[in-house]
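Residue numbers (my numbering), protein chains in the order written: chain A, 6 to 378; chain B, 6 to 378; chain C, 6 to 378; chain D, 6 to 378.
Please keep in mind that the hints were generated in silico from the structure rather than gathered at the bench.
Any given hint might turn out to be false.
A pair counts as met if it fits within one copy or between any two copies, since identical chains are not told apart.
[As the list claims (entries may be wrong)] In silico BS3-like pairs for lysine-lysine, Cα to Cα no more than 25 Å straight-line:
| no. | residue 1 | residue 2 |
| --- | --- | --- |
| 1 | 30 | 333 |
| 2 | 343 | 138 |
| 3 | 161 | 53 |
| 4 | 68 | 162 |
| 5 | 162 | 245 |
4 protein chains.
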Amino acid sequence: MDEINYHDYLQLDKILNAQATESNKQNISAHDETLFIIIHQTYELWFKQLHHEADSIVEIMRKPSLNDNSPEVQTVVHRLNRMATILRVLIHQIDVLETMTPMDFLDFRDMLRPASGFQSWQFKMLEAKLGLKFEYRHGKEYYTSQLRTEHIDLIKKAETEQSFLQLVNIWLERMPFGPSPTTLRNVQDGAKARSREEGKSQAAKTEKDFFSAQNNAEIVWDFWNDYKKAYTNSLAEAEKDNLNVFDEVFFQQRESHYTFSAKANRAALFIMLYRGYPMLQAPFQLLNNLLEIDEQLSTWRHRHMNMVHRMIGTRIGTGGSSGKDYLKAAADKHYIFKEIAQLTSFLIERRKLPQLPKKIEEKLGFAGPGPLK
Amino acid sequence: MDEINYHDYLQLDKILNAQATESNKQNISAHDETLFIIIHQTYELWFKQLHHEADSIVEIMRKPSLNDNSPEVQTVVHRLNRMATILRVLIHQIDVLETMTPMDFLDFRDMLRPASGFQSWQFKMLEAKLGLKFEYRHGKEYYTSQLRTEHIDLIKKAETEQSFLQLVNIWLERMPFGPSPTTLRNVQDGAKARSREEGKSQAAKTEKDFFSAQNNAEIVWDFWNDYKKAYTNSLAEAEKDNLNVFDEVFFQQRESHYTFSAKANRAALFIMLYRGYPMLQAPFQLLNNLLEIDEQLSTWRHRHMNMVHRMIGTRIGTGGSSGKDYLKAAADKHYIFKEIAQLTSFLIERRKLPQLPKKIEEKLGFAGPGPLK
Amino acid sequence: MDEINYHDYLQLDKILNAQATESNKQNISAHDETLFIIIHQTYELWFKQLHHEADSIVEIMRKPSLNDNSPEVQTVVHRLNRMATILRVLIHQIDVLETMTPMDFLDFRDMLRPASGFQSWQFKMLEAKLGLKFEYRHGKEYYTSQLRTEHIDLIKKAETEQSFLQLVNIWLERMPFGPSPTTLRNVQDGAKARSREEGKSQAAKTEKDFFSAQNNAEIVWDFWNDYKKAYTNSLAEAEKDNLNVFDEVFFQQRESHYTFSAKANRAALFIMLYRGYPMLQAPFQLLNNLLEIDEQLSTWRHRHMNMVHRMIGTRIGTGGSSGKDYLKAAADKHYIFKEIAQLTSFLIERRKLPQLPKKIEEKLGFAGPGPLK
Amino acid sequence: MDEINYHDYLQLDKILNAQATESNKQNISAHDETLFIIIHQTYELWFKQLHHEADSIVEIMRKPSLNDNSPEVQTVVHRLNRMATILRVLIHQIDVLETMTPMDFLDFRDMLRPASGFQSWQFKMLEAKLGLKFEYRHGKEYYTSQLRTEHIDLIKKAETEQSFLQLVNIWLERMPFGPSPTTLRNVQDGAKARSREEGKSQAAKTEKDFFSAQNNAEIVWDFWNDYKKAYTNSLAEAEKDNLNVFDEVFFQQRESHYTFSAKANRAALFIMLYRGYPMLQAPFQLLNNLLEIDEQLSTWRHRHMNMVHRMIGTRIGTGGSSGKDYLKAAADKHYIFKEIAQLTSFLIERRKLPQLPKKIEEKLGFAGPGPLK
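The shape of chain A in the complex, shown without the other chains (with noise of 0.2 Å):
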């Protein structure tokens, strides 16, 4: 086997060969469009490598068989956290492409038309993987208006195919604290009784307990009767109308636009409420990470944004769809995982969390410190 060499190993005489200026072959001096370009490659790899983890931790969620008891879900935890640290070192790059001064950028900036937008086939294929649906995109059809046929394809494969949040909501789903599909039919004829009888707590009565499904005859229990009394009881006045969504979300058959089922909600919220539990710690991280990463794409945005508009100001596009309205608008909307960050809304105090049963309790913890102590 031949030995290996760093240059060589890295490719870097491809790498390091793959600066072209415009300025240069149009015989113009602009010295930062070696820089416009540069950063935009590292963009490129960091995305690149977003791409691999994206890939690897869907692979992972797709397994029928995903073992709670295999590394696989902390795997999961550790690459999501990975990512949210390149998005971070990706928002910090902004720093560089600032000492761009908007005079500096003009040098070369009408050369690179119409290609001077952002136009990353990869960032918005990467979008869709992670679970951005088509129709929910500032602009539709406008976000490949440039690009090749065969990245547009990609993106479409992307969006067509499960996204990691569809594969979340699958494994929530599969997660053993929601009621069965009979005891869910009586909890939603409840909810209509609720809004008829208030008070009554009809609803009580009709909700059986979940674990009760699992034909466990010890464990009967009404847990989510339980917790949305408290729940109620949390409520200030002016927010009693957040009962009717607690409803909404947790049982009852959203709209279509919606990813995550009442079953996986139940479960997402059931695992931020009882997160102490070890069964529980890794698939809490899990959801936490995703909500890290959004909070990082989004000030990406903004941050892109801000920039864009300190560069160029209101020029481009100057009827009324300039850079940066576009980018606003973009960035106010493309929250992918907003649904798992909306349940931080129906969370109550820990001190007034109904207590798990025993025999539940056992279950979500480890099974080795008895015997192996």
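Fit chains B, C and D to the supplied structure of chain A, relying on the hints for placement.
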């Protein structure tokens, strides 16, 4: 003189004994309340420091005889840079607050009502001092609704005094780069004429060289005429409407809700265009640092909004006016220095800039190099 | 109950009135002294927060019955992570201090003598609490020479109490992954034997499976024997000496200046190797977070040293013992968790790891998945 | 002219197809090798950008007629600032690499031998270009031992050409703030005399005002004599030895291993002391940015060392010369701009600075304000 002791000098007996948690008073366990108090205290200490810097630069800019040959403008630049550096730390600190999960916050959140918002009079007063006018605040009076009278008075006072932005306007107006009032009138006539007789360049004839107003017969130069021509040529077909905005920004008496006069805008643009000349370097840095501060403030507001959303969802003020909505509207609106930012739209390529006459170039240079060398 | 007011709750009357500059007292102009005071106050506030976290995790780790099935280990992990996050902000703050140029510092530096060093008893006490022993401090007594008696006492007390590092040692020793004492003796004999009869693998025979010490006849397994073989195979020729260190670290009674026993080292290595198993995830994160904290502390000391050097050069204490030299020596020496860091040297490739017996694997997993699904 | 396409312009077909993992070739699973490749590629891209900036400022500084009235010095300042900004991103990137745990690295580490070090010829060449001399490199030839001949040649060439530091020395020497050679000789005599007849201030008499060398009879002023007196007064008893260093640094022909001449040191100190004057602002920023770059490089080396230690412990090169030891020694030694940093030791308080004569003050100011106002 007594020896100075680190602990006493920093008054740590005060500082380190100012954390009394409500949870402790109510004998409830809430580990993270200490973090909540301490992080807000560090924010307030930094706000005090920002006021210290802001007051000092307001004082410098207020001098009618602010001398370009003194270190004063440089000092303003330096302190603005420090303020931006501090703001970066404040943004970074949000990372720490985000280690507090929603459930951890719920442990003590209700004990703080109605204080649980972000009611920093120092921050609001800082915005006012820098240049955010009351009438442009989102929610108007709302932002002072929970403050002590003495602090409301401080903010109101700051709102009536000359803001830093207003002082920058005056400083820019004082600069010798704009035409005299008589010339200005002609230019406005010319602007009107232009719209009547497009292409005849009537405006050119009436635009007297602004430097000629200096009674310097040798320098008669139609700078703004030349520049407008160059700018016109730089516009794409779809951008032609920008010309009207150009006239409005640089030659007309603008509506009262703008802080910068046309004269100040001309000086600011001139500085951006010819920042390479020694005399314009510090002024350019000053303007650039204001944009940097606005961007950091914007990022701060944005991350603060996201953090609040992640922490409490949509619970508080359920009636549509959640904490997040208020913060978002304020973040979208409160760009203090946007009048400077918009000037970017009127820049042109460096290689198409009108060449400055030798005599003017000399005046923008140093006195020294000649005889000292 | 009284309504809570933001300003009062944060005790801002205290906090914002604790900045009395010496320059003001002496009627000398020194604009940056306020920054000097305020930044140190923010440091001390954050140190107080670090103590709040450190105290809480020391308390948890002190429990003789620390339960792996409770959220407690996870809480320790989370708070260590927060400490690292805070340290990152503290490092970032140096950027702000560096906006003070040497000439700006000179405006007031001499007024502070002899307080001008960095005499934070909170920081020194924090080091002690985490595990820095007095005898390993650079300069020994020097670091307390200018402190108040009451604060020296606090540090000394922290030095005599069980440090977090010592508690981690005890916690690791309690873990069921090391051989029993009898086995250990045999191993030591084996180690001696090995050096006599190299290659005969006499050691292997005497190393009883540590799990067999659990009176579990089904699991008889020479884990450490297998591992040492695998490790030996992984060593390059020039690294063969590492084997002696291996024996010393994992099987011998180490000199008193080490905090970790051989038993604790074995448990820590086992955790690093098999971190994928659910029961080892939180312990792995705990160890990893300690390395992260050490690294942040190291960066903090390093940047602090560079900053002092840039600010005052070699002036103070001209006689060879400049501020910088002291800080450098301390930075080089004060790695609190280096005993954990060094274990990295003894890892081997994952694909060469001894496969854990089924029975043990099960014990490292969750109780739940079976019956609950 | 063809339309420009984002993907083609950035040559992404090259960039995104340059990641061939060894683990893949050997059909072994090593998820993190892709990260390892990509992060190093981004480092190398940034190094290329740093060279782009370094080359441009070397070119500017090489001009014999570098004009203080042109934007050139300002451009150098700006690009140094950009380099520091890039270095901050490079440091930040280490956070990403640290998400790769030691066990993850072991998955592919052995496949890379002997390339597993950090053998970036671009980085070494950059150090040389900035001013790190070969004879001050830790380990001398070692650093080139695994490079391709063509890259070694590039580094060697950079080492023989004038470094940026040498160009700064020449630029400083050209500044009109030092005494003429004749005066200098007298000063040296005076320095010797001083040690013989302490207190008689013989030196003072022989030190001719350096400005008088400009044949400007009106300005006869013993600046350095005055300054030495003020500096002497500022020294504490224990610091008196500093005076000898003062003479050595500012008035003697220094040993060959220093890059800065006494004359350059005088100019640099003068700039630091009187940075408030317009003509000295950009030069001050230039010197300050060099210190900033050195500090960022130092932090980079330090964090790199810690990261390597955390990743591989002491395994590689077990015989005492571990990777960490080499990196640590290099980090301690390779301060490229330390001759500038040490000048801080010779500053005095601003309020004790010798007042500059009116005539000189004028020369340090702008030409413009008079007639233009």
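Against the structure, the hints come out as follows:
For the identical chains of this complex, residue 30 and residue 333 are neighbours neither inside a copy (34 Å) nor across copies (44 Å), given an alpha-carbon limit of 25 Å. With identical chains, the CA atoms of residue 343 and residue 138 are at most 25 Å apart within one copy only, with a shortest distance of 13 Å there and 34 Å across copies. Only within a single protomer do residue 161 and residue 53 lie at most 25 Å apart by alpha-carbon distance; the minimum there is 18 Å, versus 35 Å between protomers. In this assembly of identical chains, residue 68 and residue 162 lie within 25 Å of each other by CA distance solely inside one copy; the values are 20 Å within and 54 Å between copies.
Proximity of residue 162 to residue 245 under the C-alpha cut-off of 25 Å is found in neither arrangement, the shortest distances being 43 Å within a copy and 40 Å between copies.
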